[in-house]
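S.K.: Sequence:
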Amino acid sequence: WYVGRGRASINVEAFYEKTSTIPNAPGTKPSPNENAFPSPTSQYVITPNAWLPILQSTLTHPDDHLVKIQRALSHYASVYGLKNPGYLGETELKGAEKLDGTLFVQTAILESSAG
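Residue numbers for the sequence shown follow the working numbering, so the first one is 1 and each next one is one higher.
Please keep in mind that the hints were generated in silico from the structure rather than gathered at the bench. All figures in this text were calculated on a predicted structure; none of them were measured in a lab. Treat the hints with care, since some could be wrong.
What the hints assert, rightly or not - Distance ranges between label pairs, derived from CB positions:
| hint | residue 1 | residue 2 | range |
| --- | --- | --- | --- |
| 1 | GLU92 | ASP64 | 27 to 35 Å |
| 2 | HIS65 | PRO85 | 24 to 32 Å |
| 3 | LYS29 | GLU90 | 37 to 45 Å |
| 4 | THR28 | PRO62 | 17 to 25 Å |
| 5 | PRO40 | GLY89 | 36 to 44 Å |
| 6 | GLU34 | GLY89 | 38 to 46 Å |
| 7 | ILE69 | LYS18 | 15 to 23 Å |
| 8 | GLU92 | PRO40 | 43 to 51 Å |
| 9 | ASN49 | GLU92 | 31 to 39 Å |
| 10 | ASN11 | ASN84 | 17 to 25 Å |
| 11 | ILE69 | ILE22 | 14 to 22 Å |
Unchecked claim - Restricting the straight-line Cα-Cα distance to at most 25 Å, the calculated cross-link-like pairs of lysine-lysine (BS3-like) are:
| hint | residue 1 | residue 2 |
| --- | --- | --- |
| 12 | LYS29 | LYS98 |
| 13 | LYS83 | LYS68 |
| 14 | LYS29 | LYS18 |
Idealized CB from N, CA, C, for every residue including glycine.
Sequences and hints are given; from them, build the entire structure.
M.R.: Given below as structure tokens:
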């Protein structure tokens, strides 16, 4: 099927425009302290590390495949997560110059919300 029909094109620019690097964790949200860093109104105050809610909800997910993909994505985020845009720019993929280390967390967020 893959060879006969080909593969879908990947629109890197649209992917980065439409996905977030901040997961929407399930359950109740904590109330940040008024002295929280960076500030109590920051989008990062509830989830300063995006991987924590992703992996917490993955551990209890009934589909083992989700656990495997999230583990792989978190591993590659630890290896390539700090790469700047353009690190993969010399590939044949159109728009690859926009790829950066957030690719893995964005994919993990999409994957966790797809199930």
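S.K.: Work down the list of hints and note, for each, if the structure agrees.
M.R.: These are the hints, each one checked on the structure:
1. GLU92 / ASP64: 27 to 35 Å: holds (33 Å)
2. HIS65 / PRO85: 24 to 32 Å: The hinted range 24 to 32 Å holds for HIS65 and PRO85, with Cβ atoms some 30 Å apart.
3. LYS29 / GLU90: 37 to 45 Å: Because 42 Å falls inside the window, the suggested range holds.
4. THR28 / PRO62: 17 to 25 Å: The hinted range 17 to 25 Å holds for THR28 and PRO62, with Cβ atoms some 22 Å apart.
5. PRO40 / GLY89: 36 to 44 Å: holds (38 Å)
6. GLU34 / GLY89: 38 to 46 Å: Cβ of GLU34 to Cβ of GLY89: about 43 Å, so the range 38 to 46 Å holds.
7. ILE69 / LYS18: 15 to 23 Å: Check passed, 20 Å falls within 15 to 23 Å.
8. GLU92 / PRO40: 43 to 51 Å: Given a distance of about 46 Å, which is inside 43 to 51 Å, the answer is holds.
9. ASN49 / GLU92: 31 to 39 Å: Hint holds: Cβ distance 33 Å, inside 31 to 39 Å.
10. ASN11 / ASN84: 17 to 25 Å: holds (21 Å)
11. ILE69 / ILE22: 14 to 22 Å: holds (20 Å)
12. LYS29 / LYS98: With a Cα-Cα distance of about 32 Å, the restraint between LYS29 and LYS98 is violated, given a limit of 25 Å.
13. LYS83 / LYS68: Roughly 23 Å separates the two Cα atoms, so the pair holds.
14. LYS29 / LYS18: Cα-Cα ~24 Å, so holds.
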